[in-house]
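A.B. asks: Going down the list, the sequences are from chains A and B. Residue numbers are given in my numbering: position 46 of the first sequence equals residue 232, and the series is strictly consecutive. Residue numbers are given in my numbering: position 19 of the second sequence equals residue 42, and the series is strictly consecutive.
Treat each hint with caution, since some may be false.
Each pair of labels, with its calculated beta carbon distance range [what the hints assert, rightly or not]:
| hint | chain 1 | residue 1 | chain 2 | residue 2 | range |
| --- | --- | --- | --- | --- | --- |
| 1 | A | 358 | B | 127 | 50 to 58 Å |
| 2 | B | 54 | A | 190 | 21 to 29 Å |
| 3 | B | 92 | A | 276 | 46 to 54 Å |
| 4 | A | 247 | B | 50 | 27 to 35 Å |
| 5 | B | 30 | A | 250 | 52 to 60 Å |
| 6 | B | 127 | A | 191 | 37 to 45 Å |
| 7 | A | 250 | B | 25 | 51 to 59 Å |
| 8 | B | 136 | A | 239 | 25 to 33 Å |
Straight-line C-alpha distance at most 16 Å; calculated EDC-like pairs for lysine to aspartate or glutamate [stated by the list, open to error]:
| hint | chain 1 | residue 1 | chain 2 | residue 2 |
| --- | --- | --- | --- | --- |
| 9 | B | 166 | B | 141 |
| 10 | A | 230 | A | 316 |
| 11 | A | 207 | B | 63 |
| 12 | B | 164 | A | 291 |
| 13 | B | 136 | A | 291 |
| 14 | A | 207 | B | 61 |
| 15 | B | 168 | B | 141 |
Covered stretches of chain A, going by a simulated chain B footprint (3 or more residues, C-beta under 8 Å) [as the list claims (entries may be wrong)]:
| hint | stretch |
| --- | --- |
| 16 | 194–208 |
| 17 | 283–289 |
These are calculated hints, taken from the structure and not from any lab test. Yeah, the Cβ is synthetic: ideal placement off N, Cα and C, and Gly gets one too.
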Amino acid sequence: MVNLRVLVEAFKSLARCVTIKYPFGPPAYTPEGMRGKPEFDMEKCVGCGGCFNCCPPEAITIMEEDGKRRIEINLGKCLYCATCQEVCPEDAITLTSKFELAVYDLSQAKETVEVSQVKCENCGCYFAPEPQISKVRDRVLSKINPVQKETIEKDFQVYSKYCPTCRKQLSFKLNYHPRKYY
Amino acid sequence: MGLKAWSRVKSPWIMFAPCGGCNGCHIEIVACLTPRYDVERLGIKITGSPRQADILVVAGHVSKQITKALKRIYEQIPDPKVVVAVGSCALTGGVFYGEGDYVSYGLGGPVNKIIPVDVYVPGCPPKPEAIIHGIALAIQKLKEKV
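Whole structure, please, built from the sequences with the hints as guidance.
C.D. replies: In C-alpha cells, the structure reads:
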C-alpha cells in the first residue's frame with residue numbers, strides 16, 4: 187500500500203522549499219523523546235553507581251579521590267541507549283535533545299557529576315556517598331514497623347558513621363547488631 | 024589571504040572514508056547530501072579522489088584490514104588537511120572496544136591511533152545536523168591551517 191504521508195510530503199515539497207538553513211537557522215526537526223546528550227542533575231544524583239553497572243559499552247566510569255566520587259560519561263563511547271536513564275532510581279540522568287556535541291579535543295566530550303562521600307570515623311576511609319546514605323535512611327524509616335522505628339533510628343545514626351569492615355569489628359562494642367530485632 | 028586559500032576555505036571538498044562498522048554513520052553522512060540537508064549549498068562537495076580533497080571524514084570502527092588503506096588515503100590528501108571522525112566507533116572504538124581481553128579481534132584501533140584527528144563528532148549515529156556542525160568546525164580549523 188502506498189504510504190499516504192509520503193505522498194502528501196512529496197506534493198507539499200513541490201510548493202515550498204524543503205532545504206533547511208541549519209548552520210544559520212534552526213535544525214530540521216527534533217522528535218519528542220529524542221536521545222541526545224545525557225545530562226546529570228547535580229542535586230538529584232546520589233552517586234549510587236547504578237548507571238555504571240548497567241552501561242552496555244562501559245562509557246560510564248567512577249573515580250574516587252579526596253573524599254569525592256566522580257561519575258563520568260564518555261560521550262565518545264556512549265551509545266545513547268538510555269539504559270542509565272531507565273535504571274537511575276532518582277531520575278537524576280536524562281537524555282536531552284542536544285545534539286551539537288562536536289569538539290576539537292576528545293577529553294572535552296564528557297559529562298561529569300561529583301558527590302561527596304562519608305568518612306569512616308574509625309579507620310578514616312571514604313566508603314559511601316553522603317546523599318545515598320541519607321536517601322536510604324529516609325526510605326527505610328518510612329517503610330519500617332513503627333514499634334521498632336525509634337531503636338533503628340538511634341542505631342542508624344551510629345551505624346552510618348562506620349565503613350562495613352569497621353562495623354563488623356565494632357558491632358559488639360557499640361551494642362548494635364541487626365540480630366537484636368529478630 | 025590569497026585567492027587559492029580563499030577558495031579552499033569557501034568550498035572545501037570532502038573525501039569520505041567508510042571504515043567498517045554497522046553502516047549507521049555512513050547512512051547519516053549520505054543523508055547530508057539529500058535535498059533536506061543539502062550540504063552542497065555550503066560549497067561542500069563529496070569527491071571520490073583523495074588528491075582533490077581538503078577534509079577527510081572517517082566513520083566506523085577502523086577494522087584491521089582497512090588500516091593500511093586509511094593511512095594511504097590520509098597521505099594522498101594535499102597538505103592543509105583536516106580529519107573529522109564521526110560516530111562513537113571512530114572516536115574510541117565504541118562497543119568494539121573493551122578493557123583487557125574484551126577488545127574485538129577485528130579492531131584496528133580508534134581513528135586517532137592511526138592518523139591525527141582534528142574534529143570529533145560524538146553520536147551513535149550522530150544526526151545529519153550534528154555532522155554538518157562538525158564539518159563547520161572543521162572549516163574553521165582549515166581556515167587556521169591555510
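A.B. asks: A separate judgement is required for each hint: does it hold in the structure or not?
C.D. replies: Verification of the hints:
no. : hint                      : verdict
1   : A:358 / B:127: 50 to 58 Å : holds, 52 Å
2   : B:54 / A:190: 21 to 29 Å  : holds, 23 Å
3   : B:92 / A:276: 46 to 54 Å  : holds, 48 Å
4   : A:247 / B:50: 27 to 35 Å  : holds, 30 Å
5   : B:30 / A:250: 52 to 60 Å  : holds, 54 Å
6   : B:127 / A:191: 37 to 45 Å : holds, 40 Å
7   : A:250 / B:25: 51 to 59 Å  : holds, 55 Å
8   : B:136 / A:239: 25 to 33 Å : holds, 28 Å
9   : B:166 / B:141             : holds, 13 Å
10  : A:230 / A:316             : holds, 12 Å
11  : A:207 / B:63              : holds, 12 Å
12  : B:164 / A:291             : holds, 12 Å
13  : B:136 / A:291             : holds, 14 Å
14  : A:207 / B:61              : holds, 9 Å
15  : B:168 / B:141             : holds, 11 Å
16  : 194–208                   : holds (count 5)
17  : 283–289                   : holds (count 5)
Violated hints: none; the structure is consistent with every hint.
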